[in-house]
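Colleague: One letter stands for each residue in the lines below.
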Amino acid sequence: MAKSAKSAPDAAQAVRIPVMQKVLDNPFLLLFLGVVIPTVLYIMWGLIELTQIPLAK
Amino acid sequence: MSVATAETGIIGGIAAKFRTCPATGLKIDLAAEKLIKANAVAAVVFLLIGGLFGLLVALTRWPAVHLLPSDWFYLVLTAHGLDVLLLWILFFEIAVLYFASAVLLSCRLATPRLAWLAFLLMIVGGLMTNVAVLQGESSVMFTSYVPMKAEPHFYLGLILFAVGALVGVMVFFGTLVIARDERTYEGSVPLVTFGAITAAIIAVFTIASGAIILIPTFLWSVGYISHIDTVMYKLIWWGMGHSSQQVNVAAHVAVWYAIIAITVGAKPLSEKVSRTAFFLYILFLQLASAHHLLVEPGLSAEWRIFNTSYALYLAVLGSLIHGMTVPGAIEAAQRKNGFNNGIFEWLRKAPWNNPAFAGMFLSLVMFGFLGGISGVVLGTEQINLILHNTIYVPGHFHATVVAGTTLAFMAITYLLLPLIFQRQVIWPKLAMIQPYLFGIGVAGISLFMMGAGTLGVSRRHWDITFSDATVTFDYPATAFLMMGLNGIFAIVASLGGILYILITVGTVFFGKKVDASNVVASLGPMPEKQVSGAVHEYGSAGTWHLPGTYILVSVFFLSFVLYYFVNWKYLSEVWPLS
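Each protein sequence line maps, in turn, to chains P and H.
When you line the first sequence up against my numbering, it's residues 1 to 57, in that order.
When you line the second sequence up against my numbering, it's residues 1001 to 1578, in that order.
In isolation and in its complexed conformation, chain H is listed as follows (with noise of 0.2 angstroms):
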């Protein structure tokens, strides 16, 4: 039986094909649908190039294995931060995007030649930037930090993305505009939409600050530019560097307001609420890039402090808003699934099995207490001098956005496989671990990175022994012990990563089709064997009656007040006063 009619809708003078999802009855674009799957898919395979980079520059790392020699361990790592924190993830921002516009609104995707054009952008784009690489003579590392000078092909490579990926959100917009003047929807739009605004708001800033850089940088690297001032290709460089990665956190944040409401039927605990922490992304989340700019001279303590200390906490109340409201909307819709016993039995009886609901809470747990308490830790401008450039601030992004984001994509992937790709997921049970597999790993990873990181351990370091220098240093044994750690935890993270691109894989090639009698069944264990409107349809779920929140959250203040306060008292023994 085919799942969906497919259906010639002509709105507004031009034809589009439509389906019908039999699991929650909105009309999905061919075309949107399309393109959503191409995103993912090349999403997934640069995921799984650059994921095999990292487990590279994690074994190297490693003291006892110190794997490759110094040259290919920077060319390894120029390559494993372009993959992943660009290509993996971008591609599959944009493939979210087009979900949250066409799909979530039921209108047809704004000029999908466009979108077309924009995906061959990207693709050529990131291919050539890691031919760059891999000739060997582009190891700028995923900074690019001028002087230091890369191949021409290494930035136009990230021009081309760069400007694929801004012609795709402009596709967004557009769809935003059809779905409007077509009146596919009724008010406002549904607050994972909104999120995905929000992300596409900061890309724009973000792709804006890309070329503003990057063009110069290219003109240079080709001799028409004599000199690039390096603070100032710093100050612009982290306008897109840092800003991409808020692009994640407010698409990965949409992504759980998905899942949640996919799997457990969770209305948002109030739409206001969690739209005024939109805004609050919106407004202040990129000036966090200033952090990275806190030992830099040149720049006043003024506007160090505003961009950090003020603008910076008014976003992180943003997240604090949504970390109490994405669990909140959990427990409200549990406890109307009638799990009403004590203050966590909504909580114990979630679909843990489910891989999609796992991933997701594991994510939202990982991004608040690693990514999120160590993120303020170093956007404060005292405690930032202890951990600066250290392995604390990678161990500090792969909570955010390896813990955070790839785990909330790794999570909604298990609902886009029936729902976009029409195929049940093959292996149900080795899906269900998955998300375990590589959240154990991913947190083993950052804490131990940041363990090492306040140990004075050096972020980029390709040798903590500094067997061959000529001036040495001697880190205290339990700086090696947690390298060692990290690279123990850097397999189990891959073999979850690997695990994930199988199933992704093998589902697509090999997946049962999904029909209108299995489709709800093909979304995983969830405890209403049907798909509600909440993700699609704006709406609060009216209740404020969470106990268990409640404390999960006081627990999270709890361990956010300790911390902060002991990153002071190691403040305070760097310069001892007596």
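Okay, chain P solo, but in the shape it has when bound (with noise of 0.2 angstroms):
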């Protein structure tokens, strides 16, 4: 059989996908973080800034 014949470094390579591809594959990591990255970034650091502003008296 054509697949068995190669040798299983050749096999691993012929596999191997690379990290940051099965990162960009993943639509549900890549959900998390465009999610998670602006709402800690944006929405929540903002957020903190703007309870610390005192209140008139």
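These aren't lab readings, by the way, just hints derived from the structure by calculation.
Some clues are possibly wrong.
Example chain P residues on the side facing chain H (calculated, C-beta under 8 angstroms, incomplete) [as the list claims (entries may be wrong)]: (1) Leu24; (2) Gly34; (3) Val35; (4) Ile53.
Pulled a few chain P residues facing chain H out of the computed Cβ check, cut under 7 angstroms [unchecked claim]: (5) Asp25; (6) Pro27; (7) Leu30; (8) Ile37; (9) Gly46; (10) Leu50.
Backbone N, C-alpha and C fix where the C-beta goes; we use that ideal spot for every residue, glycine too.
Since each chain sits alone in its own frame, please combine them into the complex, following the hints.
Modeller: Shown next, in the form of structure tokens:
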């Protein structure tokens, strides 16, 4: 059989998928990143700063 | 002859009816096809309504015409923003999401009934908000900043619309899971689908932000909540308001790749590079919302500068990459098609008489030169100060959303009509000039609004002559000229928009049926008289011999740098140090 004739490292080489491609092929990981990053850096950080504005007396 | 044979596929125990597209060979789920049609038709109806409101806005801001009284002006401005920025765009984007998932991946659409519920919610929500605005007590404009209060059904309509859109996005993600589980594709999804995934992810953040702020605002409008902090409202609202336009960017870039794949057979120059550019959008594009808050008190310089000058530049890098890879992919494909003479034969002999290609290329150029460069200027904290809340801002977003997104969506309509609606475009010669007419109009609108904004003209201002004001101000005469030219070009753009609507509606009702013998011809003039698999397959063009593209990109960079520093010079003149 053609497949079994390949050496083990060759077979591994043939199917190895780069890490970045795995990340980009996972829409739910991307969804997580795409929601969490702006929520933390834009909304939460912004809200924390707004809550620290002293109230007028 | 029937276009294709309908067949029943039982996949995963669930029956779905498919037809085979004679142009692309893709299996098209008939339920998905109906939903694409419904969402696209709803989009065009709201474009018509919102576009006419836009013409009334421009004719009122034209000082010599000054069409509407002030109360009607603000009512119409509210309706214009709502109908075109939200309803036209999001209905069309849902159609794009279903096309990029069920059609390009040749699989059944997840939960069509839920998708119809989403459509119904969007329709009911859109109509409810329109009714609230037209009743006259909700002229709070698109941003609806508190403490201005609209009628409760204004907010309720927006919430229903947002929930519908969110359900539609979830149907899209569900369809991706079905395609993967049922192995309708191998390896990675096509680049167009990846672009749609990017748009859908940004849409989730967008809609979630909208829900977080609009639900309490609705409760405030009915009296259950006594107070909403104005800056907090602005912060979260812009998480929706600006990010919704970032959904557009991702969607229209995906549409660019789809159009060039179908019309000239273009493959991405590099799948890795283009996907990385979309990845930068996913991570950073939403943060650009912060540029609307650059003059708000209470937010630190660190927050402002990180969210704009650092994160925004990484998102801009994504756009710069697409700005090179899209024309580069066209050049690579055209050279493969035999247009190899000199540096620019590939561009000269591109199918300029194909409205899909012409609209796409105009969208690319205007989005980059007008919308992209002005966006970076607005996103830079220091030079934002000379333009903040002037009419430069609508000038910028008419370049991105109208010249960029709307023109790209109009362009792909000329391919969807034969491929999805299975109708030949009526009036092909008028269709040929439509993108140019609309494009020239929108370019004028954007340029002259930005010009007037540079001279200090405020946005959303009913009367720049201050005719009945206690305290007056004299704008330079050039500002009045700019606003007049804006009105003239708004008429040109409206003619282009009306032509688009007449062609699309006429084609749906009266267009000749498309069949296997004429489907490719129905897609308009193309260098190759066949549709390649580039739109639904993974794979790169495999060449970087792109001399024409390198020259075009250099011209863009030079313009970018010059304009950027011109604005710093304007800033230096605001506060003379001597």
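Colleague: For each hint, tell me whether it holds in the structure or not.
Modeller: For each hint, the structure was consulted:
1. A cut of 8 angstroms between beta carbons decides the hint on Leu24(P): the least distance to chain H is about 5 angstroms, and the hint holds.
2. Interface hint status for Gly34(P): upheld, as the beta-carbon distance to the closest one in chain H is roughly 4 angstroms, under 8 angstroms.
3. For the restraint placing Val35(P) at the interface with chain H, the shortest Cβ-Cβ distance is roughly 5 angstroms, inside the 8 angstroms limit, so the hint holds.
4. Among the interface hints, the one on Ile53(P) holds; its C-beta lies about 5 angstroms from the nearest C-beta in chain H, closer than the 8 angstroms criterion.
5. Using the Cβ-Cβ criterion of 7 angstroms, the hint placing Asp25(P) at the interface with chain H is satisfied: the shortest such distance is roughly 5 angstroms.
6. Nearest Cβ of chain H to the Cβ of Pro27(P): about 5 angstroms, under the 7 angstroms cut. The hint holds.
7. A cut of 7 angstroms between beta carbons decides the hint on Leu30(P): the least distance to chain H is about 6 angstroms, and the hint holds.
8. This hint holds: Ile37(P) has a C-beta 6 angstroms from the nearest C-beta of chain H, less than the 7 angstroms allowed.
9. This hint holds: Gly46(P) has a C-beta 5 angstroms from the nearest C-beta of chain H, less than the 7 angstroms allowed.
10. Proximity of Leu50(P) to chain H holds as hinted, the smallest CB-CB distance being about 5 angstroms (cut-off 7 angstroms).
Every hint, counting from the list given before, is met by this structure.
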